[in-house]
Amino acid sequence: MLCVHSDIVRAIDEKRIVGLVLLDLSTAFDTVDHSTLLTVLQQRFGVNDVALAWLQSYLSERTQKFFVEGVMSQPINVNCSVPQGSVFGPVEFIAYTEDVTTVFGKH
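Position 19 of the sequence shown, counting from 1, maps to 1273 under my numbering, and the rest follow consecutively.
These are calculated hints, taken from the structure and not from any lab test. Among the hints, erroneous ones may be present.
As the list claims (entries may be wrong) - Pairwise CB distance ranges (calculated):
# : residue 1 : residue 2 : range
1 : Cys1257   : Pro1337   : 27 to 37 Å
2 : Ile1330   : Leu1276   : 24 to 34 Å
3 : Gln1318   : Glu1268   : 41 to 51 Å
4 : Val1272   : Gln1328   : 47 to 57 Å
5 : Arg1264   : Val1325   : 46 to 56 Å
6 : Thr1356   : Asp1303   : 24 to 34 Å
The structure presented is a predicted model; accordingly, all values stated were derived computationally and were not measured. Glycine is no exception: its CB is placed at the ideal position from the N, C-alpha and C atoms.
Build the full structure now, drawing on both the sequences and the hints.
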């Protein structure tokens, strides 16, 4: 944190533009849109054919249940989020967000 602060102060002293983005990643895995993720995996990472079909199957028809006042809800279809607790979840999230530096570069 001190290093970031120092870099920002130095950049401001040098009259450069400084951008800082802070992300709350506590529910980040819940925001991953399945169709966007599959498009990113296909177009940016070249995942095709059987592998893409497997991933699509892995993400499709997922449901989620919630506890409200100690009572479990009926299953709700989920078309976003990556399965937490799986080995593949973090990889999917990184693939989904890896091009953020490109967005900054364009602006």
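Which of the numbered hints are not met once you compare them with the structure shown? Going through the list in order, the structure violates no hint and respects every one.
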